[in-house]
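Sequence lines, in order, name chains A and B. Start counting the first sequence at 6; every next residue gets the next number (this note's numbering). Start counting the second sequence at 90; every next residue gets the next number (this note's numbering).
In short, the hints are calculated from the structure, not lab data. Values in this document were obtained by computation on a predicted structure and should not be read as measured data. Mixed in with the good hints, there may be bad ones.
What the hints assert, rightly or not - Just some of the chain A residues that point at chain B, by a computed CB distance under 7 Å:
| # | residue |
| --- | --- |
| 1 | P39 |
| 2 | F44 |
| 3 | P45 |
| 4 | P49 |
| 5 | L51 |
| 6 | R56 |
| 7 | P57 |
| 8 | P87 |
| 9 | F94 |
| 10 | Y103 |
| 11 | K104 |
| 12 | A109 |
| 13 | G110 |
Note that beta-carbon positions come from the ideal geometry of N, C-alpha and C, so glycine has one too.
Given next are the chains, with one letter for each unit.
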Amino acid sequence: QQQVKQSPQSLIVQKGGISIINCAYENTAFDYFPWYQQFPGKGPALLIAIRPDVSEKKEGRFTISFNKSAKQFSLHIMDSQPGDSATYFCAAPGFNDYKLSFGAGTTVTVRA
Amino acid sequence: DAGVTQSPTHLIKTRGQQVTLRCSPKSGHDTVSWYQQALGQGPQFIFQYYEEEERQRGNFPDRFSGHQFPNYSSELNVNALLLGDSALYLCASSSGDSNQPQHFGDGTRLSIL
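Extracted from the complex, chain A is given alone in its bound form:
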């Protein structure tokens, strides 16, 4: 059973600042680790995903860092914008498992 621990529960950042969200997983998986962005009343939208054979992936202002030995991965939102205000979820597949286990979510508020 995959457990994913996500922190912090919420964070407030000024426009232009950096938001950092951390996740830790328990069981080793060899597929991918995604981050989802969810706005109120909408489903989670795939934001960025990383394969465990790379340590970092960047897409625009969003960067995932992956530490396989520590079983941790994090999301960095650079130059945060008010439109980034949303709830962010990390997820991890289990070992020999098709489901995704999600973290509890982090609510990010970007103040203008």
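For this one, chain A is given, so just place chain B on it according to the hints.
Positioned in the frame of chain A, the structure of chain B alone reads:
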């Protein structure tokens, strides 16, 4: 390129009733997973369908059942509804016989009175 579509958007039922939710996967995807998301929480895996069979099931009672059709669309059925079944039900699709990033629809908001 249509994404994952779910219907209906909202639904109100009373305790003891039965409900059917529908999902059409993203074009090119053949695998459908269903998740339940309670308010303020992350999605919880219900089950996954691949090749019209339930491939894996989460910790949900038998009141939750599903089906996948030859065109890869899927239904989630919930019988004997309880107040605690009130949640956002999400469908996610992916492709291939291996773990690939799952893409979610906007869900069906189910309210039980």
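How the hints compare with the structure:
Interface restraint check for P39(A): the shortest CB-CB distance to chain B comes to about 5 Å, inside 7 Å, so the restraint holds. Annotation: F44(A) was flagged as interfacial toward chain B, and the flag is violated, the nearest CB pair being 10 Å apart, outside 7 Å. Because the beta carbon of P45(A) sits about 11 Å from the nearest beta carbon in chain B, more than 7 Å, this interface hint is broken. The interface hint given for P49(A) holds, since its Cβ lies 5 Å from the closest Cβ of chain B, which is under the 7 Å cut-off.
The beta carbon of L51(A) comes within 6 Å of a beta carbon in chain B, closer than 7 Å, and the hint placing it at the interface holds. The beta carbon of R56(A) comes no nearer than 10 Å to any beta carbon in chain B, farther than 7 Å, and the hint placing it at the interface is violated. The beta carbon of P57(A) comes no nearer than 11 Å to any beta carbon in chain B, farther than 7 Å, and the hint placing it at the interface is violated. A cut of 7 Å between beta carbons decides the hint on P87(A): the least distance to chain B is about 22 Å, and the hint is violated.
Interface restraint check: F94(A) against chain B, minimum CB-CB distance 5 Å, threshold 7 Å, status holds. A distance limit of 7 Å between C-beta atoms decides the matter here; for Y103(A) the minimum to chain B is near 5 Å, and the interface restraint holds. Satisfaction of the interface hint for K104(A) is found here, the shortest Cβ-Cβ separation to chain B being roughly 4 Å, below the 7 Å cut-off. Interface restraint check for A109(A): the shortest CB-CB distance to chain B comes to about 5 Å, inside 7 Å, so the restraint holds.
For G110(A), the interface hint holds, since its Cβ comes within 7 Å of a Cβ in chain B; the closest pair sits about 5 Å apart.
Checked against the numbered hints above, the structure breaks hints 2, 3, 6, 7, 8 and satisfies the rest.
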